[in-house]
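A.B. asks: Residue strings, one per chain:
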Amino acid sequence: MIPLGDILLYASLAVSVIALAGLLLKDLKNIELLNKFVTPAIILVAGILTFSYLLLTYYFVNGNFEYDYVWQYSSSDLPLVYKLSGTWAGQPGTYLLWVWVVYLSAAWLAWTTKHSTALARRTQIITLLTGIYLIILTLIQTPFKLIIERPEVVEMIAKGTLQPDFVPEVGNGLNALLVNFWMIVHPPFMFIGYATMTIPFAAAIVYLLTKEDGWEELGRQWTRFTWLLLGMGIAVGGVWAYLVLGWGGFWAWDPVETASFIPWLTLTGFMHAAALHRKNKTTFSTAAPILAIVSFILVLYAAIVVRSGLFNSVHAFGETSTGTLLIIFIVIVSLVSLVLGMRRYFEEPDKIIEDSGFWNKTNIFYVTLLLFVILAFISLWGISFPAFIQLTQGLKVGVASDTKNFFNVWSYPFTIVLLLALGFCLNYNEREKEEQKKILFIVIGLTIVTMFLRTETFYVLDHSSPFWAREPPFYKLIGNISVISIFPSLIYATWSTIQRLITYLRIESIKPKIKGIGIAIVHFGVVFILLGAILSSNFTQTIDRINIPLATKGELVPVGHGYGIKIIDFSTRNLAETKNVPAGAVSISEIYGSPENYVSNNVKISGKVTDVANVQSPPPVVYTTYMKINDGTYTDGLWAATQSDEPLNIQEGLELTMEGFLMTGFKSNSTGSPCTAVTPCDLIVFSSPEQITGGATAAGKYNVQSVRLEVYQDNRKIGSGVAEYLQSDGGSGTFPLVDSSITGTDVYVIFQGLGGGTVPLTLKIIPAVNFAWIGVVLFALGIILIMAVKTKSKDG
Amino acid sequence: MRTKKLVSIIVLVLILLFAYFSYNTALSNFTLSDKNASYLGGIKFHRAASGLEESFQIAQQENKPIMMYFWAIWCQYCAGFQTNTLGNPQVKKILEEDYILVAMDLDIDREVARQYAVSYPPYLVFMDPKGNILQRVPGAVDADYLLPIVTKIRDDVRR
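If you read the sequences in order, they're chains A and B.
Residues in the first sequence are numbered from 3 upward in steps of one, following our numbering.
Residues in the second sequence are numbered from 202 upward in steps of one, following our numbering.
Extracted from the complex, chain B is given alone in its bound form (with noise of 0.2 Å):
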């Protein structure tokens, strides 16, 4: 009887021990967003809440094209995508210094979603200052090919 209740109390701690441990440790290091910014690999984005209209108006006035970015937390793919090719240094680089990026959260802002004829993540949508669409990427595309993409949609909106 006393073993059995050693052995209990040893496993209780533990499992507390561990329910802790994980749940700081997801606050700390694996935070997907709050209500204001989204932090997808590595990049922070606006969040839908903090208004996309704001976004477009920081657009107009620094001149940046839109990137918009549909993701969900379940999407195997979307984790790769943000590591891999988001999380590039030359695809961050450009896209932390010379766009306006929004994050759209698929199981939240569903509304945005069917605006833009979005059903499925990771999907990206560029768009000039004004909101035209400029270009759909949809799908885990890789840094390879998203790197021009980026690059002349970034050129072509500043000229």
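Isolated chain A, as found in the complex (with noise of 0.2 Å):
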């Protein structure tokens, strides 16, 4: 039977073909024959998404196992937050995701046009041929297979091991890296930044494909909105990225994260190339709408990097089959877009009015177009060739001895110039060229003069990292480079921003005013995001492999550097707060943290056996098995031991409950005993061998370790807060402790779970990255103002 989700997909598929084909007859033949249904028809399809969107969340809620999706990414003891964001937490469901988005825009440029321009219904053809590739997309990799089709436990049930309508009880359950609250918010933003861009790219096929004006008007709306979503998408991400510990600080060029920033910038590339085409539009005619193409192949590429497992990456959870289907995609659009391109560039008249000589406006934009364009190769080259290298030579690569330094030494001095040209352009004015020329040549020399002031950190590529040795000669030359020399730039970018702003600010007309600060506003952005990220990156002070005893709870600890952590509290919880030990059992976690509560007394502990030593004693002959119990409360688990005439037959990842009592720093003098002179056992729990039973409840699939600190500097309290460590059957993360200042720096403490009785710690000092996230917030202010005029003159 086919599942009700899939019966939705495919009467969506069917009512969109229909749609399609009342368009194609419109336009083709002037037939009206289906014309009235087109849009009730696009209108229902986006309906009937909507539903199977929400049976699939609902399927997630309930926990309906039986569908492979819901099992691989649900469990019944996630929190219900974590389960409504499971729905986008793999491929099968962000593919639902988008084509749900795609139809919804689709419906409503439907509402909206009626279809009544040539325009508008081009675009919807384009916009519907999309959404009909990606519905298609979606039942290949269909979020409602049945787990009963998977090779596995097909096998299993030809087998006779499984029942032929087998449910399995439990979920699988999210990556403990997912469970966190900035990964419910990235994924959506993302895809509904990758579904809206559909209407701008289908608008720019049709005015290649037919010279129709009006396509920009159409689809700028649609621009500025996917503009803020993938920027909102891009900076959620690297919140959780700076939030989450593994790949280290804030943005670390992971292929995914990079993949997704690369359509951003073509688009924001697209978005000033507009802006000039909209006021003459013979200006970027071919430009303009080949940037907006290019932005959503990029689009697609991400999604291939995003999910395939070609592109090592620590997103890559799982591997593609539709990879090919989206390559095929690229193959087809690129190949039209090329061809139209270059039918549009040698038509192109030769007639531009334009401005005489290299400075005028047009051709500063245009150098800025080409800025972003080489950026957006940099990020695309990185991510790219190695994966090639490995498809075609089997090789595996880096791109340098530390990928970021790639990325970082390439990008640096293009992001300079574009900062420059920032500066020049922002505050451009015919009249006083002469003037804000030499300005220009002034700021140019600072940088120049400022990129061989030494320093003792401050370049581009850090000198005392061991990867700085064994970079190529060409690589250490730009590195080299002070990064002093930001500053002339960035200087020259605020001081022209602030400039158009008090020019703003003098208009009397409402609606430029407010687009105007919101220029002014995003362009602040830039500033402050490229101030936050490269004085966070350069100045960041680390502490490493800071080790506290829990036995010194309360007291200040110096950590080295003037710094000192003092350890509060130290407290387990599960995340879906159910017991997960057995009654009368003590967590592992609570006697590491209070061991004085239980030495010398009975102990009842119960947990997954991890590792086992058997120790024979020389004669009279004695057996001594020495388990490692873990409850998953704890990293590191807890030796147990006891002895019998004969050695026990205890094997690992028995699941036992023991009564004993607690011991502090035992050793033995066997030879392989776990605990020797050398390294005593902190704590060790010995019973005989009858207060040994079988079985242990399950343990829950969540735990979370806390540890309450306060971070000083010089005797005074610079930070405090909790960081948590979180242990799951699919791995662990870690949630650092964040705390800032109103300076702007943060203090960061990473808590990498218990063992043996120390608390693990890196404690950080940040400086300025706050000013990033300032930015972030900028971009997204100053593009809903510029949003917000459009509407309103619209209606107006």
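None of these hints come from the bench; they were simulated from the model.
Watch out, some of these pointers could steer you wrong.
[Said to hold, decoys possible] For each label pair, taking beta carbons as the anchor points, the in silico distance ranges come out as:
(1) Gly-340/B with Ile-500/A: 44 to 52 Å
(2) Asn-32/A with Val-212/B: 43 to 51 Å
(3) Asn-333/B with Ala-679/A: 20 to 28 Å
(4) Pro-551/A with Ile-334/B: 25 to 33 Å
A virtual CB, placed ideally from N, CA and C, is assigned to each residue, including glycine.
Using the supplied hints, reconstruct the complex from the two chains, each of which is provided in its own coordinate frame.
C.D. replies: Set out below in structure tokens:
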């Protein structure tokens, strides 16, 4: 039987085809036959897809594990909000989200334009073609696949080990790293952004095809919305990377982080091209539509990077079978747009009226566009060619000895030029051009001079890093540039933006005023983000491998460089807040937390055996069995031991509950014992074989250890809060303490899970990173102001 | 018009130069693994593809312990661990001379990782020539921590 979800997808496919046929008949043959069904049909598809997404959400909330996708990404002990976000945790769900938003956009387009113009109709045709392709993709990777269709399950049913109507009782659960607030919002931002990109792309294709004017107006608000959502998605991904340790800081150039950044760059380029194209239709009449199309192609490419196994990335959670279909789609779109773009380029009449000489606005804007393209290409090339080499030659290569170095080295000079262009363009005035050129040249001079300023650590590449020595000479050449050289252009850009803001504040007319303020705010955002990114990555101070014994709870322990840490409290909890230890048993983390309460007393512990060592004593022969017990509340587990006349048959993986007495600092002289004179066991439980029983209640899937602490600098408290460590079957995650101060410096403490009675910590003092987040907020605020004005002018 | 064309051509040439240069640099300086070996932290490891069995055979013939290193290309800590810890001259000398080294790429050798219960990189598993696990070292430890371990395991196996 076909699942209801799939039936809905097939239905949406059928209705889309009818709508497309209606539009094509009208457009090609002027047959009105299906025309009046088109708008209702598209709205119907949007409705069906809304329903199927809600259905999937219902399955997640309800725990319908007969669906493979639900089983893979959900678990009954997850809090509700993570059950909801589980719907977009994997590839099939994100495709459904993508196609759903594409059709919501198509429905909006249908509703607002009623397909009254040829442009609107043709844009809808391209949108529907894209939508249909994506529905097929979703059907191939359907989130409604039943678990009994899994190859291994099919095999087991055939063997008779499983019933044909097998439904698992518990879900596989979400990866521990995704159990985080920012991960709830990041994927929808990205995929809604990807989806809304379809309309400007479709309009641009139509324009190249038929030269229909008004394409830019049609797609303008969509572009801004896409830019906002993609930008916020990237930023939220950055916040997440910052808050969940794993790949070092808030931007590590992981292929997937980078892949979504590339279309955002070209989209930014498009918005700049469109700004001039809007005023004079002949300006950038090829560049603007091509940039819109390229952005869409890069979005498709990003989807491949995110979900294919080829790009080795922390994001590559599952391998895809639809990657090939996406590649075919990219090839088709690229070829079509290349042919159309070439045609338009050679058709273009050469009678464009421009200011003479190099220093005119169009030329400077063109340089800006190229800079966006260059920056996009650096990122694109950096993530792509290692994958290409792997595919063709079976070699794995790094782009540099440290990935960051490649992108930082190549992007840095172009970022400076971009800032210079920003400074020059934003304040461009034909009459004062000579004066402005002088200022620009002074800034360029200052930039070059400051590149040679010698400082301790302030270089494009970190000289003290062990990677520095292995970089090739050219990388070192750029890496040797002093980062102080960013400041002249940064100050110039700021100054220019302020000038612009002042000009706009003087304007009487309200709409251009608001729009101008919006533009200025967005450009302030650029300055803030760059300032935050550069200062924080160059001036972060890190103290690694701090181990504070839990026994020193309440005492200030110096950790070096004048810093000290005081542990206030330690606790554990289960994310689902259900008891995970049997009655009477004590959690192992609790024992490590306050051993004084249990020492020399009987304790009951319960958990899985993770390690076994059998030791034979010299005659008279006695066998000691050491078992490491882990109940999931504590990284390392706890050693337990028992003695008998013959070796006990205890295997790793066994679930045990045992009672015994707790001893500290135990060491044995026998060889093979895990507790030797060199590495004594801090804590160990001794019990007799009779006190050991098999079977413990299953530990919860998501256990969280929390340590509350205070950080001091020269005996002055500079930060406090909770650092957490989450452990689950599917891996572990750390959620650091982040305490910001008004000066913009973050106190950042990573806790890696209790081990051997000590709290392992890493302390980072990160300056100015908040500027980057402020910049992101400014981006959003500015673009919303710009969008607000457009809406008004349309109504009026 | 002419200015724009000229600028475009210059940019295109620059882009091609950059692509060519970075491609070759990566191939000549930063190859991490090929079909037979992995080159991590300046040390040559056997790749899993060349056969784990073969490594065990060599280990038995030469009576050397085996160190299996689990890594991944996307692992930020691995890069530092390779350069700082494995690349430490003392550690490197012992590993190269007295060990059979095998590197497992977590993106490729997933089955081996599952078999040895390794779920994250970097991760070291030490074994005697027969394949009995002697010690596990999870995470990016520093050279001060690793040096006594590699020394002791070598001496234990030789004895």
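A.B. asks: Run through the hints listed earlier and report the numbers of any the structure violates, in increasing order.
C.D. replies: No numbers; nothing is violated.
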